[in-house]
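Chain B: place on chain A using the hints.
The listed protein sequences correspond, in order, to chains A and B. Under this note's numbering, think of the first position of the first sequence as 1, with each following residue one higher. Under this note's numbering, think of the first position of the second sequence as 1, with each following residue one higher.
Hints listed in this document are in silico derivations from the structure and should not be mistaken for laboratory results. There may be inaccurate statements among the hints.
[As the list claims (entries may be wrong)] Computed list of lysine-lysine pairs in BS3-like fashion (alpha-carbon distance at most 25 Å, straight line):
no. : chain 1 : residue 1 : chain 2 : residue 2
1   : A       : Lys-121   : B       : Lys-74
2   : B       : Lys-77    : A       : Lys-23
3   : A       : Lys-94    : B       : Lys-72
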Amino acid sequence: MPVDTKFIGREYKPITYVVGQEKIKEYALAIGDLNPLYIDPGFAKKSKYGTVIAPPMFVVVFTRDAMFSLFEDNEIKIDFARLVHGEQEFNFHKIVKANDSIKTTSKIKNIYQKNNNDFIKFETKSYNQDSELVVEGFWTFIVRGK
Amino acid sequence: MAYKINQEITPFQIEVDKYRPCYYAGASGDFNPIHIDNDFAKAVGLGGVILHGLCTMAYVYRAVMNNKDPEKLKKIKARFKGMVRPNDKLTVSGKVTAIENNLATIDLLATNQKNEHIITNACAAIEI
Numbered sequence: 001m002p003v004d005t006k007f008i009g010r011e012y013k014p015i016t017y018v019v020g021q022e023k024i025k026e027y028a029l030a031i032g033d034l035n036p037l038y039i040d041p042g043f044a045k046k047s048k049y050g051t052v053i054a055p056p057m058f059v060v061v062f063t064r065d066a067m068f069s070l071f072e073d074n075e076i077k078i079d080f081a082r083l084v085h086g087e088q089e090f091n092f093h094k095i096v097k098a099n100d101s102i103k104t105t106s107k108i109k110n111i112y113q114k115n116n117n118d119f120i121k122f123e124t125k126s127y128n129q130d131s132e133l134v135v136e137g138f139w140t141f142i143v144r145g146k
Numbered sequence: 001m002a003y004k005i006n007q008e009i010t011p012f013q014i015e016v017d018k019y020r021p022c023y024y025a026g027a028s029g030d031f032n033p034i035h036i037d038n039d040f041a042k043a044v045g046l047g048g049v050i051l052h053g054l055c056t057m058a059y060v061y062r063a064v065m066n067n068k069d070p071e072k073l074k075k076i077k078a079r080f081k082g083m084v085r086p087n088d089k090l091t092v093s094g095k096v097t098a099i100e101n102n103l104a105t106i107d108l109l110a111t112n113q114k115n116e117h118i119i120t121n122a123c124a125a126i127e128i
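So here's chain A without its partners, still in its complex pose (with noise of 0.2 Å):
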């Protein structure tokens, strides 16, 4: 069954998240990156930023929830074993710093079909507790027809 377009629009409570500097090190180890900026305090906190910092791409970490708000939703029933991540846009505004807490919004930009697969368009906005806009993330997810 095709996903309902009536879902376009909807939101989803804000997401906080409290950005650990152990996690940082952690992802950036997963994805092989060793900059010092995100893994020796030491050397951070004599850089500009004054101490550890996220790389861009840990955005994916504290949207994650915003993300399963979507794919857990009861209402929309998404199919998760037809469900691929079709396509990957992220603005970055603002550098994440550990201890920052980040509130993410998230809403359901459009819902389309094409060639038999169901499109969701689906948008994140990533606040820092200064209130400031770190990064927007621009999601697209396909439910692969049967």
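Here is chain B on its own, set in the frame of chain A:
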């Protein structure tokens, strides 16, 4: 560094080790069984576990930003075209296609050892 139109980035190569999807699942919180359970991945027709697309996208990020100030990255985008499996060897290549408004745009492509396209329609915008 100064960017020039049509300048190619140094190709970035990485071999995806056998346990990478497990490490990435733990770090990202994405434990979809298609990434960590070979039997499950086979049962749903994938032939075996595949790496998270966002992990490959992080490699694209590394290709353009290695040892640069992360603050310079303003945008990155990618289309997930092909699947990555453990032991695959990936190459990310790219070329500067525009320089305007203090931003260099680099178009990017990730391929595997069989020259299959993994990430296409990708680009990064970097402050110069």
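These are the hints, each one checked on the structure:
At roughly 21 Å between alpha-carbon atoms, A/Lys-121 and B/Lys-74 fall within 25 Å of each other, so this suggested pair holds. Distance check on the hinted pair: B/Lys-77 and A/Lys-23 sit about 24 Å apart at the alpha-carbon level, within 25 Å; holds. For the hint linking A/Lys-94 to B/Lys-72, the alpha-carbon distance of about 10 Å falls within 25 Å, and the restraint holds.
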